[in-house]
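From first to last, the protein sequence lines are chains X and R. To convert a position in the first sequence, counted from 1, into this note's numbering, add 983. To convert a position in the second sequence, counted from 1, into this note's numbering, add 77.
In case anyone wonders, no lab produced these hints; they're calculated from the structure. Treat the hints with care, since some could be wrong.
To be clear about the criterion: a stretch of chain R counts as covered by chain X if any three or more of its residues have a C-beta under 8 Å from a C-beta of chain X, and this derived list gives those stretches [claimed, not checked]:
#1 115-122
#2 205-219
#3 283-290
Here the structure is a predicted model, which means the values were calculated and not measured. Ideal placement from N, C-alpha and C gives every residue a C-beta, glycine not left out.
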Amino acid sequence: MPNIEAQGRFRNLVVDRVVLEARHCCSILLRVPPEFRDLFRPNPGQFLTIRATVDGQAHVRCYSVSSLPHPDEPLRITVKRVDGGVVSRWLNDAIKPGDRLLVAAPTGRFLLRPSQNEAIFFAAGSGITPILPMIRSAVEIDHRRAALFYWNRVRDDAIFVHELRDLTRRFSDQFEFVEFYGSRTDPNQKPSICSFASRHHGADAYLCGPEGYMAFVRSALLVEGFPEGSVLEEHFARRGEVTSSEQPLSSIDAKAVSITIVCDGKRQEIQSDPGQVLLETMLSSGLTVPHSCKEGHCGACMVRLINGEVERLSSSALSRRDRLKGLILACRSKPASAELELSYDF
Amino acid sequence: MERIGKIDSVYRYPVKSMRGETPSQIFLSFSGVYGDRLYAFRSPAAPPGFPYHTGREHEDLLLYQPRYRNYEQTLVPPNLTEAEALAPGLTPVYGERDQFALDIITPDGLVLSVESPLLTKDMQMAREDEAPVSLAFSQVAMTDCRPVSLISLQTVDTLQSELGSPVDKRRFRANLYADLSESGGLVEKDYVGKTIKIGDKAVVSFLERDPRCKMICLDPETADHNPKLLQLVAEKHDGRAGIYAAVLVEGLVKTGDPIVVLT
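Work out the full structure: start from the sequences and follow the hints.
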């Protein structure tokens, strides 16, 4: 077990190697000193939080661990270069062996369920990064049956394909690997996903990729009869991003989230427990804010997120247009950054 | 018996969340207005308890105009006259799906059958999650809660006054718009629990106040979203505007019909 007291504190880890994995994607292998080996022993599916200073500005980002916690296997994160992504661009373009990175202990709840059920995985693009160690753990360590449906637009974008094909060869009766290349609206994609899912009824399903893709796959699985509880998803966007902050999310005190609310031109600040939905925080602080159902159906508590990040819980009253305008539902949002600014003046 | 007003207009909405229509009369049946919300789009990505694809996720649904192909056949059940002649209170038989064949005029002027896969694809692409969408048909109205909805012009005027800007009554997507100018200042929420006769025959019970959602924030002409109205309703009116009713005696209702409190 990682040292709980040390979790959340950054440690300096040296970059051992940088490996080009695919177009616009590299893996960074990190050297972990012996005294930190217990701390940096991720469970398959977990991620590391990196603190980096780029052009004088501090940034915090989370990247999935793409290696298994073997003593002989280096700790590896795999980073896809994102358009406009400050840190991903820096990690792909500038980082080199011998450089040091500030890294917090692995965390995350996107984990393999302890079961002997077959495990099926749906990944798209860099969504393969937490999925690969989960597959390897299921197949190599737990001796479970597993299958992967991996979608990319083009072959050049696919990551770890050789490793996955090698796994198929070594575990031919245990692991099925389906590669799908095509646009998001490729008419063959849905039938391929449904056909794949129909061959693996009763399996636990794990999804990681763009939000739209995961929603698409989730719907297909439900239509194929997969119980909702058997589908687990990893949302990269919900891990929380903190820019220009010295504190990682994992070390924020329970009361340390600061929320500024703007209404009728007036600003008011309250403090929040990061685990509490925004509406409850505002109501318990004595604020009179619009709300009705408190369950994400009516939309009465809609508010604009001006600054900061939130974790969005499921709801049915927000449209794509609302989200593009930066609107959130206060009853279905929890803080995911140390500071938030909300506005009812919209 | 006390007359409290008259019917200002009647509406039905052949497709859930799409634009409504104003027939010359509507038939209030036990399961809702005849021909109202018989079609709806559903998505497995929607909550299981409310599996619909609605204007809340796809505002522009309000701009789609449904048109029944066999309009006259959709106004009343096909054997209504015979049922009424046989015995009072006999429930008429509802029409089959082919009698409710429907075309949709899209916002850009295309006319599609409601069954067209192009339409469901349109719905799917409009969703943020792009989850699959399918068409559902039901002989009974797929309303949110209760079979029949009513709001008074007076309630709409109050909200308009409180908001400080015009409020189009169609935002509330009611079946019945009532003019309660004869009630001595009372509005529909004051008659919850009462039995009300509308027109010559229909009798309804005003069940409860109607809890509102984002739909009232959408402009019926442009589908533009302005949350201020719902915020006002939430803050000043417990999130409710108008009422839901249940039908006790089926019957036809039209503009001008008297509204009378029975008990």
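Hints, verified against the model:
1. 115-122: holds (count 3)
2. 205-219: holds (count 5)
3. 283-290: It holds, with 3 qualifying residues against the three required.
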